[in-house]
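Protein sequences appear in the order of chains A and B.
Here the first sequence is numbered in our numbering, starting from 12 and rising by one per residue.
Here the second sequence is numbered in our numbering, starting from 7 and rising by one per residue.
Just so you know, these hints were derived from the structure itself, not from any lab.
Bear in mind the structure is a predicted one, so any value in this text is a computation, not a measurement.
A hint or two may mislead.
Computed cross-link-like contacts, DSSO-like style, restricted to lysine-lysine with a CA-CA straight-line distance of at most 27 angstroms [unchecked claim]: (1) 165(B) <-> 206(B); (2) 370(B) <-> 158(A); (3) 206(B) <-> 95(A); (4) 424(A) <-> 412(A); (5) 370(B) <-> 206(B); (6) 139(A) <-> 206(B); (7) 236(B) <-> 139(A).
What the simulated footprint calls covered on chain A by chain B, stretch by stretch (three residues with Cβ under 8 angstroms from a Cβ of chain B suffice, anywhere in the stretch; the number is not a length) [what the hints assert, rightly or not]: (8) 99-105; (9) 131-142.
Where is the CB? At the ideal position from N, CA and C, for every residue including glycine.
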Amino acid sequence: MTFRSRLFWVFTIALLLSVGVIAAGVTVVARRAFDELNRQHSEALVAQFEGEFQRRGQDVVHRVQGIADAEGTVRMAIDLSRPKADVSVYVNDARGVSQSHQLDFLDFVSTDGAIITSNEWPARFGYKMDWLTQPQDWVSVGSFLMKVDTQDGPALGLMAVSTVRVGDRDLFILGGERLGKEFLHSLVLPAGMRALLYMDLDPNFQPTNLVDASGSVADGDRLASFIEQERQQPQERTFRIAWTPDPASAEAFHALPLLGRQKELLGVLFVGSSQQEMVKLEQRIRDLALAVVAMGLCFGLLLSWWGAARVTRPVRELAEGAREVSEGNWGARVQVHGRQEIGQLATAFNRMTTQLTEQREQLVQAERVAAWRELARRLAHELKNPLFPLQTTVENLQRAKGQSPGQFEEVFKESTGILLSEIEHLKNIVGRFSDFAKMPQPELGPVNVNEVVRGVVKLFEAQFSAVGRPPISTELHLAENLPEIQADAALLHRAIENLVLNAMDAMPAGGVLMLRTTEQDGSVDLEVSDTGGGLTPEECDRLFTPYYTTKQHGTGLGLAIVQSVVSDHGGRISVESETGVGTSFHLRLPVKPHLRTASSHPQEPAAPVAAGQPEPKPTEPPAGEEA
Amino acid sequence: MKLRWSLFLAAISIAVLLAGGARASRRPRYGGALRVEIGAVVRSLDPAGTSPDTEEAEARSEIGALLYDQRNSDGTFAGVAGSGAFHIAAWESGKHLTLAVNENYHAGRAFLDSIEIEMGRSAKDRLLDLEVGKTDFAEIPPEEARRTSERGVRVSTSKTQELVALVFVPGRPAAENPRVREALGRSIDRTAIVNFILQKEGEPAGGLLPQWSNGTAFLFSTSADAGGAKDLWSQIGASPRIVLGYDSGDSLGQAIAERIAVNARDAGIALSVEPIATPAPSRPSYDARLVRMPMTSSHPREALASFQAALVPLSGLDAVPLSAAASSEQIYERERSIVSGYRVVPLVWLPRVYGLGARVRDWKVPAAGEGWPFADVWLEQESQ
Chain A
12 MTFRSRLFWV FTIALLLSVG VIAAGVTVVA RRAFDELNRQ HSEALVAQFE
62 GEFQRRGQDV VHRVQGIADA EGTVRMAIDL SRPKADVSVY VNDARGVSQS
112 HQLDFLDFVS TDGAIITSNE WPARFGYKMD WLTQPQDWVS VGSFLMKVDT
162 QDGPALGLMA VSTVRVGDRD LFILGGERLG KEFLHSLVLP AGMRALLYMD
212 LDPNFQPTNL VDASGSVADG DRLASFIEQE RQQPQERTFR IAWTPDPASA
262 EAFHALPLLG RQKELLGVLF VGSSQQEMVK LEQRIRDLAL AVVAMGLCFG
312 LLLSWWGAAR VTRPVRELAE GAREVSEGNW GARVQVHGRQ EIGQLATAFN
362 RMTTQLTEQR EQLVQAERVA AWRELARRLA HELKNPLFPL QTTVENLQRA
412 KGQSPGQFEE VFKESTGILL SEIEHLKNIV GRFSDFAKMP QPELGPVNVN
462 EVVRGVVKLF EAQFSAVGRP PISTELHLAE NLPEIQADAA LLHRAIENLV
512 LNAMDAMPAG GVLMLRTTEQ DGSVDLEVSD TGGGLTPEEC DRLFTPYYTT
562 KQHGTGLGLA IVQSVVSDHG GRISVESETG VGTSFHLRLP VKPHLRTASS
612 HPQEPAAPVA AGQPEPKPTE PPAGEEA
Chain B
7 MKLRWSLFLA AISIAVLLAG GARASRRPRY GGALRVEIGA VVRSLDPAGT
57 SPDTEEAEAR SEIGALLYDQ RNSDGTFAGV AGSGAFHIAA WESGKHLTLA
107 VNENYHAGRA FLDSIEIEMG RSAKDRLLDL EVGKTDFAEI PPEEARRTSE
157 RGVRVSTSKT QELVALVFVP GRPAAENPRV REALGRSIDR TAIVNFILQK
207 EGEPAGGLLP QWSNGTAFLF STSADAGGAK DLWSQIGASP RIVLGYDSGD
257 SLGQAIAERI AVNARDAGIA LSVEPIATPA PSRPSYDARL VRMPMTSSHP
307 REALASFQAA LVPLSGLDAV PLSAAASSEQ IYERERSIVS GYRVVPLVWL
357 PRVYGLGARV RDWKVPAAGE GWPFADVWLE QESQ
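Construct all of the structure, not just a fragment, from the sequences and the given hints.
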């Protein structure tokens, strides 16, 4: 993971955490505020319900008392107080009276508890309401909730009782209002709130007994469990219901049990507060948080990009500089940014490359001087050998001048022959040096390495088995289907020829010359091995240095030429040698070479040393092997 | 002695004179139009016409008795319309009918010149019109007789001649269980229905015929047995819910049905009531229904035969013919066999109650099966 990515993720995580914490905190605070608001609304609505309940109760009490005080009722009471009174004449009276007093429920009950007339259930005359005959101060009781039996089924009523006493006989007037959706309709509800009334009229939960101001309630059975809890233990409760999987459908409820005269549960008032606004607010907070996070991510991306660029640019420049140095550009420089650690590091890097460059120039200069010295030594050595016979021959001629013409002629003839021979020798020396200096640029074309190898071997077949020389046997291990490479066939032939000559020189007592070709990783490998005496590691290290030779009459240019040819073809050459076993040269030539520029050509003695340094291998010095 | 005889003769003379004066003041008077209001809406005066509306059929029968002179054995009218004491003077179907006196009626001209019949008047309107003298004659519901009389309206009540009964519908699951039928039949408090709903205008009915008809009504029990009904009901495995129907326009039927529901509830029987639309549906949704059956004859055999004829299609009873010479015992046995299975549960007998205007004279309550005797009614001239 890059420094920039790491910085981005650190920034992102920090932003997410901070935004998440803030959003959660705001949500919690908002939820608490909503809950508190809902609680206040619920309490206000419950208080409103209780107030309305009390007001209507008082109204019912007044109306029932009004019926009791009416002249017709008093006359009825007087009539019924007589012995053998006929109650049947009053059987239909309740309906008219209840209509005139706007009561839903009205029963006239005789002193023995028998219903004389009933509005809500006219056919129920004669049946007993014994509880009314129990001694009770109905004035102090006031209004109360009651389950009222009607011909359409039980109903919930807000009732009051009044009595008319004539003699020792009472006439009870039981009247009241139906408690249902009309009652709920009279409540003023804040937005988002509603009131539900469950009338506990049946042994089991009945969804039809649950109403709101508009009528029946959909999915009312979701409240069944809470109603059952109220049945078990009537008390105020709060709970929350999610009507659908959508959180916005959630509703918080405040349950208020409605008790009858005997403290029995007759109904439950549910004050519901919609959580829609709360959920919307939470959604808005969440959306805002997401927007902040998204913006933060963008900002973080830019910031991390900029920050990382600012922080890592000097480091990247240093890395780039190090890479250039590793590729040989020792003069690479980096820009120094500031005086902090990175700046100090850049300054040190620049100082290091400067010193490296200087040291390399000094080294090159030293090597160049050494090469010239070696060249001079070789030239002196090469030239001194023919010069001495030349000098001796000329001195012989000068001495022979005084001899007889016949002797002089014989000496002259012999001396001129020597002179010509040595001069030819000098010309050869000069020619070899000249050839090395004039190494041409390769002209590439398709070359079959196996054919080149066979051609070289064929060229030297006669010398391998020459008379007076220990025989050298050859082993060719040439790979079939070897691909053709792009190479200069003449140069390649010359390089292999040099290697074969070297091998022959390394085996003065005869031996085995093995040539092997293989294909490997888009290159063709050529191995030339001999069974000579081998080379020392020091000799291996200097083997490809021009003008370095271990042979008595070598120029030290053979392997330098080989190395130059291989390098010009984009290949590599290495040597393995073991004392007493032999030496192997390994050439790797790419099928499609990337040629070097002319600058890499060893025009100067020191140049090939830097450009074509072979892989150093520990070897024993060969006996008489020439480079 | 002489003085005593003289005083005696004088008293006789005064009495004769007073009696003669009284006779003179009650002498029938010819003329006048009798104003009649009925609740039924009569759309056809065809004597052979039929109607699903019992009230319309009865009204047509009453009017037919005024228009036709002859009657067939099955109760339908024969001859020409107008051959009776009156003929049609004006006819507006369903609303108004004017009958004019038949001057040449073979039994003598009626006292009235005409009869104005207003149709479709509700019971409440009829009672109100009677009170204010806007009408001379109106039939009023029995349950309103007492209240009407207390308001100063002349009320004339017949013998009980209409049976209200509960009839189980054959084929319904609840109706096919004899225990269900008996439990419901025994739970009904007929006395309370008579005393409270009918305001004591009627009699509890245990049999089909009233006591005055065959003299055997007292042999049928009319008392309620809520305990027995409860026991019977508890013996029924899966307690069915009984639906009791009543004619949608019959307020008395509704009151009786609701009272039966109260009695049934007291016995633990699940029963609900529902009105039956007119005409009744071919596939009823109720298990039992209330029916009102007027007696078509004072004769017990004919009355029972007509009841049986009406009940057979309703209850699925076997149509067993009753011989013309059936004795009272045979009539009783037949009556007993009809009610013993509780497919038919007689509830109450109702009288026919008529409200009369102050100027109506010589009104005689018609017997069962007889029409309005308007031919003998005359109107007293109102004082100026």
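Given the hinted pair residue 206(B) and residue 95(A), is their Cα-Cα distance within 27 angstroms? holds, 15 angstroms
With a Cβ-Cβ cutoff of 8 angstroms, does the segment 99-105 of chain A contain at least three residues near chain B? Per the Cβ count (3), the hint holds.
Would you mind confirming whether the straight-line C-alpha gap from residue 139(A) to residue 206(B) stays at or under 27 angstroms? holds, 21 angstroms
Given the hinted pair residue 370(B) and residue 158(A), is their alpha-carbon gap at most 27 angstroms? violated, 52 angstroms
Decide if the proposed pair is consistent with the structure: residue 370(B) and residue 206(B), CA atoms, cutoff 27 angstroms inclusive. holds, 22 angstroms
Between the alpha carbons of residue 165(B) and residue 206(B), is the straight-line distance 27 angstroms or under? Holds - the C-alpha atoms of residue 206(B) and residue 165(B) are around 13 angstroms apart, at most 27 angstroms.
Given the hint that residue 236(B) pairs with residue 139(A), does the C-alpha gap stay at or below 27 angstroms? holds, 18 angstroms
Okay, the segment 131-142 of chain A and chain B, do three or more residues pass the C-beta test at under 8 angstroms? holds (count 7)
Just to be careful, I want the Cα atoms of residue 424(A) and residue 412(A) compared with a cutoff of 27 angstroms; is the pair within it? At roughly 13 angstroms apart (the allowed maximum being 27 angstroms), residue 412(A) and residue 424(A) satisfy the hint.
Checked against the numbered hints given earlier, the structure breaks only hint 2 and satisfies all the rest.
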